[in-house]
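Participant: Note that the protein sequences, when read in sequence, are chains A and B. Here the first sequence stands for residues 1 to 165, numbered as in our numbering. Here the second sequence stands for residues 1 to 583, numbered as in our numbering.
Rather than coming from a laboratory, the hints here were simulated on the basis of the structure. Every residue, glycine too, gets a C-beta built ideally from N, C-alpha and C. Take the hints with a grain of salt, since some may be wrong.
Claimed, not checked - Derived lysine-lysine pairs resembling PhoX-like cross-links, with alpha carbons at most 20 angstroms apart: (1) 136(B) x 169(B); (2) 300(B) x 203(B); (3) 152(A) x 63(A); (4) 136(B) x 224(B); (5) 65(A) x 97(A); (6) 300(B) x 117(A); (7) 97(A) x 420(B); (8) 332(B) x 259(B); (9) 86(B) x 113(A); (10) 113(A) x 147(B); (11) 170(B) x 86(B); (12) 80(A) x 140(A); (13) 113(A) x 285(B); (14) 398(B) x 449(B).
Unchecked claim - Quick look at which bits of chain A chain B covers, simulated, 3 or more residues with Cβ under 8 angstroms: (15) 39-52; (16) 87-99; (17) 122-128.
As the list claims (entries may be wrong) - Partial chain B-side listing against chain A, Cβ under 10 angstroms, derived: (18) 88; (19) 105; (20) 123; (21) 350; (22) 500.
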Amino acid sequence: MNMIKKMKMMVMVMMMVIVSEGSMIEQTCKETPDFNLCVSLLDSDSRSSSADISGLALILIDKIKGLTTKTLNEINGLYKKRPEMKRALDECSRRYKTILNADVPEAIEAISKGVPKFGEDGVIDAGVEASACERGFKGKSPLTSLTKSMQKISNVTRAIVRMLL
Amino acid sequence: MTKQVCSNIGLWLLLTLLLGNYVVDLEASHHVYKRLTQSSNTKSPSVSQPYRTGFHFQPPKNWMNDPNGPMIYKGIYHLFYQWNPKGAVWGNIVWAHSTSTDLINWDPHPPAIFPSQPSDINGCWSGSVTILPDGKPVILYTGINPKNQQVQNIAEPKDLSDPYLREWKKSPLNPMMAPDAVNGINASSFRDPTTAWLGQDKKWRVIIGSKIHRRGLAITYTSKDFLKWEKSPEPLHYDDGSGMWECPDFFPVTRFGSKGVETSSFGEPHEILKHVLKVSLDDTKHDYYTIGTYDRIKDKFVPDNGFKMDGTAPRYDYGKYYASKTFYDSAKNRRILWGWTNESSSVADDVEKGWSGIQTIPRKIWLDRSGKQLVQWPVREVQRLRTSQVNLRNKVLKPRSKLEVYGVTAAQADVEVWFKVRGLENADVINPSWTDPQLICSQMNVSVKSGLGPFGLMVLASKNLEEYTSVYFRIFKARQNSNKYVVVMCSDQSRSSLDEDNDKTTYGAFVDIDPHRPVSLRALIDHSVVESFGGKGRACITSRVYPKLAVGTKSHLFAFNYGSQSVDVLSLNAWSMKSAQIS
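Given only the sequences and the hints, what does the whole structure look like? Please build it.
Facilitator: What follows is the structure, given as structure tokens:
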């Protein structure tokens with residue numbers, strides 16, 4: 001084969017790889033409750049191009065971790081701005097620290113070692129803790145948008161973890 | 001960091017002083033134990049503990065899951081279990097260890113198996129004990145190797161003269177079984193070896209749970225000497241679509257009677273044996289069993305008609321119950337079943353209380369005389385905890401009535417009640433589309449009259465029923481103009497607690513009994529767990545609840561009937577239960 005044909009072959013193969021990776025994420029995300037969220041979370045992460053389903057799950061758990069840290073920072077900031085909410089903020093702090101220190105490490109170890117059901121437990125609990133925190137404000141939550149994000153990411157991640165069962 | 005280490009050393013010194021005569025025994029492995037438990041995540045339960053059990057097995061702190069390697073050796077029962085030394089969620093798992101002479105009171109020992117060789121450096125997961133013909137117990141368990149692959153390893157007691165078998169040594173030949181390119185075993189789906197059994201050819205067989213895509217299977221390995229294992233070309237059994245088979249168990253049962261059968265047994269002369277295959281399904285988080293025959297020539301399990309090893313198979317327990325495992329109790333010639341019940345609370349609550357997971361009371365298990373299901377009943381030894389009996393006889397529960405049972409510690413009790421149902425001919429016909437008892441129970445709470453009933457017990461109830469857990473029956477006619485009935489048993493947790501963060505799923509089961517005869521219900525109530533047995537063990541439901549009001553002395557017990565027909569309470573016996581040494 002001459003040089004040009006070889007180059008064409010290479011470009012075609014590269015494109016096939018790129019297209020099929022794109023559709024690996026798309027195929028996986030189609031099976032989750034929020035296709036768009038799933039795709040946007042994974043596409044934005046460079047690790048997803050070479051990840052299998054376990055890898056995609058771990059990337060999303062990392063997103064959960066990031067959102068948890070962000071929410072904890074937000075909670076810390078609110079103590080000064082909304083001192084009347086101290087009790088609810090304390091409870092939220094407890095809940096989100098649980099996600100960070102218990103649920104996330106559990107999910108990472110479980111998925112890495114091939115017992116995804118404990119990963120599913122951790123991911124489900126992230127949603128449970130977010131809801132519990134939200135409820136503590138009795139309808140006047142300053143964290144609603146973050147709560148909803150966590151619930152959505154938790155649902156998408158759970159769907160992907162279940163593919164490993 | 002140094003402060004942490006110092007305070008841990010200080011705590012440890014205090015512990016060894018307090019434990020007095022255990023000092024010598026613990027010293028050999030205390031440094032390992034200390035390393036295992038050093039963690040800022042581990043909270044010594046200093047908060048009030050309304051949910052810890054009085055007589056159900058649970059470690060003093062942290063996470064527990066699967067029961068491992070249950071056995072009896074030289075008259076002492078052993079229970080090992082998956083335990084996290086560092087916190088109240090799954091992780092860092094080791095084999096913790098306790099012993100007992102009565103299956104109810106337990107003495108703890110240091111962890112028996114923890115990461116120490118490449119073949120288990122990343123985890124020591126579930127497994128089983130096989131008692132060799134010379135009487136020596138051997139453990140086969142799943143280890144996680146440096147590549148995070150699942151492999152099977154062997155361990156044996158270091159010192160057989162230690163009645164508590166506290167220390168175990170691992171073979172340098174581990175792993176005994178591992179996934180490779182030749183055998184094509186899925187390295188992240190290869191775990192939970194069973195008790196091994198001997199074939200006619202004097203070869204050992206063991207099965208390990210696995211999957212290939214959605215096919216669940218029990219991979220068979222054989223060995224002549226228990227050290228060199230060969231994969232059989234065919235699995236003992238498989239099922240397409242059931243997903244991963246965790247915690248398989250395979251054992252013989254006698255066709256008639258309730259005695260146990262040793263795992264390798266071919267049966268007595270003139271004794272008919274059946275075999276039971278059980279799996280824990282990853283997909284549904286329930287334990288299922290099938291009854292069938294063991295073809296010893298082909299090394300295959302053949303389910304009886306009507307049984308399929310998937311989510312349609314009968315369950316040991318229709319509530320929170322997983323990773324169960326049986327062993328043959330040679331001392332009392334019975335087969336005993338252990339099962340793990342996890343929490344229904346949020347992880348934040350588990351971390352705060354400092355623990356997660358309990359074992360159910362061990363159950364004797366045998367084949368029903370119909371041959372179509374297994375029957376379970378709490379081991380008799382639990383009855384030794386019974387004190388101060390309350391007895392009600394021949395009370396009529398009118399429609400819309402309840403009857404409080406006074407004189408027992410309602411949060412820690414054993415209750416057994418016999419109901420006589422009247423007016424069976426007036427029972428509604430069951431809707432033919434109602435094939436899932438769990439749906440029947442969750443769609444109709446106790447305020448709904450349907451069929452005959454609901455009638456049963458309200459346990460862990462607050463005085464004015466702001467909180468209660470109801471365990472009850474509904475009876476339907478199978479068809480119009482039929483004399484056959486369908487009995488549904490429900491365990492309803494939906495009103496169990498004012499706390500909104502718990503899993504309050506309702507559970508249900510069909511009970512294969514004839515309601516022309518008295519209908520029985522037994523409940524073991526223990527602060528945050530209710531184990532219910534309908535029809536003398538034909539249907540079992542375990543649930544976890546966390547009342548805020550109905551705690552301790554503020555917990556009440558009622559019999560109730562919210563149906564439109566009266567129900568007779570032929571007898572209700574309730575006992576306060578003494579506390580046991582639960583680990």
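Participant: Now tell me, hint by hint, if it's right for this structure.
Facilitator: Comparing the hints with the structure gives:
no., hint, verdict
1, 136(B) x 169(B), "13 angstroms, holds"
2, 300(B) x 203(B), "15 angstroms, holds"
3, 152(A) x 63(A), "12 angstroms, holds"
4, 136(B) x 224(B), "16 angstroms, holds"
5, 65(A) x 97(A), "10 angstroms, holds"
6, 300(B) x 117(A), "29 angstroms, violated"
7, 97(A) x 420(B), "53 angstroms, violated"
8, 332(B) x 259(B), "9 angstroms, holds"
9, 86(B) x 113(A), "18 angstroms, holds"
10, 113(A) x 147(B), "9 angstroms, holds"
11, 170(B) x 86(B), "24 angstroms, violated"
12, 80(A) x 140(A), "17 angstroms, holds"
13, 113(A) x 285(B), "18 angstroms, holds"
14, 398(B) x 449(B), "14 angstroms, holds"
15, 39-52, "violated (count 0)"
16, 87-99, "holds (count 3)"
17, 122-128, "holds (count 3)"
18, 88, "7 angstroms, holds"
19, 105, "30 angstroms, violated"
20, 123, "6 angstroms, holds"
21, 350, "8 angstroms, holds"
22, 500, "7 angstroms, holds"
Taken one by one, the earlier hints fail for this structure at numbers 6, 7, 11, 15, 19, listed in ascending order.
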